[in-house]
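Number of protein chains: 2
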Amino acid sequence: MDLSQYIRNIPDFPIKGILFRDITTLLKHKDAFKEAIDQLFLIASRYTVDKVAAIESRGYIFASIIAYKLNVGFIPIRKPGKLPADTIKKSYSLEYGVNELEIHKDAIARGEKVLLIDDLLATGGTAAASAELIETLGGTVEAILFMIELEGLEGKKLLGKYNVHSLITYR
Amino acid sequence: MDLSQYIRNIPDFPIKGILFRDITTLLKHKDAFKEAIDQLFLIASRYTVDKVAAIESRGYIFASIIAYKLNVGFIPIRKPGKLPADTIKKSYSLEYGVNELEIHKDAIARGEKVLLIDDLLATGGTAAASAELIETLGGTVEAILFMIELEGLEGKKLLGKYNVHSLITYR
Numbered sequence: 001m002d003l004s005q006y007i008r009n010i011p012d013f014p015i016k017g018i019l020f021r022d023i024t025t026l027l028k029h030k031d032a033f034k035e036a037i038d039q040l041f042l043i044a045s046r047y048t049v050d051k052v053a054a055i056e057s058r059g060y061i062f063a064s065i066i067a068y069k070l071n072v073g074f075i076p077i078r079k080p081g082k083l084p085a086d087t088i089k090k091s092y093s094l095e096y097g098v099n100e101l102e103i104h105k106d107a108i109a110r111g112e113k114v115l116l117i118d119d120l121l122a123t124g125g126t127a128a129a130s131a132e133l134i135e136t137l138g139g140t141v142e143a144i145l146f147m148i149e150l151e152g153l154e155g156k157k158l159l160g161k162y163n164v165h166s167l168i169t170y171r
Numbered sequence: 001m002d003l004s005q006y007i008r009n010i011p012d013f014p015i016k017g018i019l020f021r022d023i024t025t026l027l028k029h030k031d032a033f034k035e036a037i038d039q040l041f042l043i044a045s046r047y048t049v050d051k052v053a054a055i056e057s058r059g060y061i062f063a064s065i066i067a068y069k070l071n072v073g074f075i076p077i078r079k080p081g082k083l084p085a086d087t088i089k090k091s092y093s094l095e096y097g098v099n100e101l102e103i104h105k106d107a108i109a110r111g112e113k114v115l116l117i118d119d120l121l122a123t124g125g126t127a128a129a130s131a132e133l134i135e136t137l138g139g140t141v142e143a144i145l146f147m148i149e150l151e152g153l154e155g156k157k158l159l160g161k162y163n164v165h166s167l168i169t170y171r
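Sequences listed follow chains C and V, in order.
In this text, residue positions in the first sequence follow the UniProt record's numbering: the first is 1, and each later residue adds one.
In this text, residue positions in the second sequence follow the UniProt record's numbering: the first is 1, and each later residue adds one.
Misleading hints may appear alongside valid ones.
No copy labels: a pair is met if it fits in one copy or bridges any two.
With a Cα cut of at most 25 angstroms, we get these calculated SDA-like pairs of lysine to any residue [said to hold, decoys possible]:
hint, residue 1, residue 2
1, LYS34, ALA143
2, LYS79, ILE148
3, LYS105, ASP12
4, LYS82, PRO14
5, LYS105, ILE10
6, LYS156, GLU100
7, LYS69, GLY111
8, LYS105, PRO11
9, LYS82, LEU19
10, LYS79, ILE15
11, LYS69, ARG110
To be clear, the hints were calculated from the coordinates, so they are not data collected in a lab.
Modelling step: build the complete structure from the supplied sequences, incorporating the hints.
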């Protein structure tokens with residue numbers, strides 16, 4: 001199954017000049033959704049991890065299933081002000097704009113191995129910031145998994161020191 | 001397993017007077033996370049549905065796994081401005097504040113049966129707005145599932161015409 005056939009391309013979203021890769025058309029198609037998860041799980045299961053961490057909010061859709069299937073805990077990395085207990089924060093630039101991410105201080109114990117999952121690899125800023133949050137807590141990032149990779153933005157370069165995998169690649 | 005033991009109570013979050021039920025402590029505990037999902041799936045599998053719809057963003061964590069396990073499509077209901085294609089919108093009041101939700105017009109086909117999932121039932125405003133969005137598209141809401149229900153806020157009354165289930169109940 002060619003998963004890219006289920007991705008919808010939307011020009012000029014969220015701002016002019018950006019060609020947005022819309023995964024909702026894949027998610028709503030039961031066979032494409034299942035195939036995407038199964039392909040992602042095949043990659044995830046190569047790694048032995050203690051936790052799966054996910055970047056809010058589309059990352060949750062894929063990461064929670066992978067955490068469940070690996071039978072490990074799920075860690076949400078969230079936008080500022082959403083996590084209720086003590087957090088650490090990290091600012092980062094993204095394809096369009098600047099943002100900040102937070103993780104609970106008690107989310108990951110020192111020495112734990114973590115798989116990081118998000119829907120899309122663009123410049124890699126979001127994933128790099130997330131990986132740093134995990135490392136600041138003493139965790140190690142075993143691999144970073146994406147549904148989609150926009151190769152032209154060279155996110156893999158920024159994430160050079162990590163094992164990075166993606167299911168669908170756009171030049 | 002008593003799932004409520006894995007929920008952390010945080011006073012005065014996000015605003016003074018609110019006792020926040022923090023699910024991140026459950027999510028990160030692999031056995032509690034698995035048990036919560038398996039209990040939710042047991043309820044979900046009583047219904048025959050075409051789609052699972054989830055409310056951004058914590059709803060995604062539970063709903064995507066249920067959609068995957070039921071082998072049906074996953075529909076995200078999102079905060080304004082996030083969905084890239086044509087949408088319909090619905091305003092609603094929540095426990096603290098007012099908000100708006102959107103769904104893609106092509107998310108659900110007329111006559112499709114939908115299971116709606118979110119993490120928390122408070123006043124029910126978010127779920128009621130989401131159910132209305134599904135119905136406006138011609139779908140039927142077979143049931144609404146929550147991890148946590150805050151009984152004192154009487155959300156079940158507002159959702160009176162739906163089948164509503166929750167795993168953990170607080171008075």
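Results for each hint:
no.: 1; hint: LYS34 <-> ALA143; result: both (22 angstroms within a copy, 22 angstroms between copies)
no.: 2; hint: LYS79 <-> ILE148; result: both (21 angstroms within a copy, 22 angstroms between copies)
no.: 3; hint: LYS105 <-> ASP12; result: between (38 angstroms within a copy, 19 angstroms between copies)
no.: 4; hint: LYS82 <-> PRO14; result: both (23 angstroms within a copy, 8 angstroms between copies)
no.: 5; hint: LYS105 <-> ILE10; result: between (38 angstroms within a copy, 15 angstroms between copies)
no.: 6; hint: LYS156 <-> GLU100; result: within (20 angstroms within a copy, 36 angstroms between copies)
no.: 7; hint: LYS69 <-> GLY111; result: within (22 angstroms within a copy, 32 angstroms between copies)
no.: 8; hint: LYS105 <-> PRO11; result: between (39 angstroms within a copy, 18 angstroms between copies)
no.: 9; hint: LYS82 <-> LEU19; result: between (29 angstroms within a copy, 14 angstroms between copies)
no.: 10; hint: LYS79 <-> ILE15; result: both (20 angstroms within a copy, 17 angstroms between copies)
no.: 11; hint: LYS69 <-> ARG110; result: within (23 angstroms within a copy, 33 angstroms between copies)
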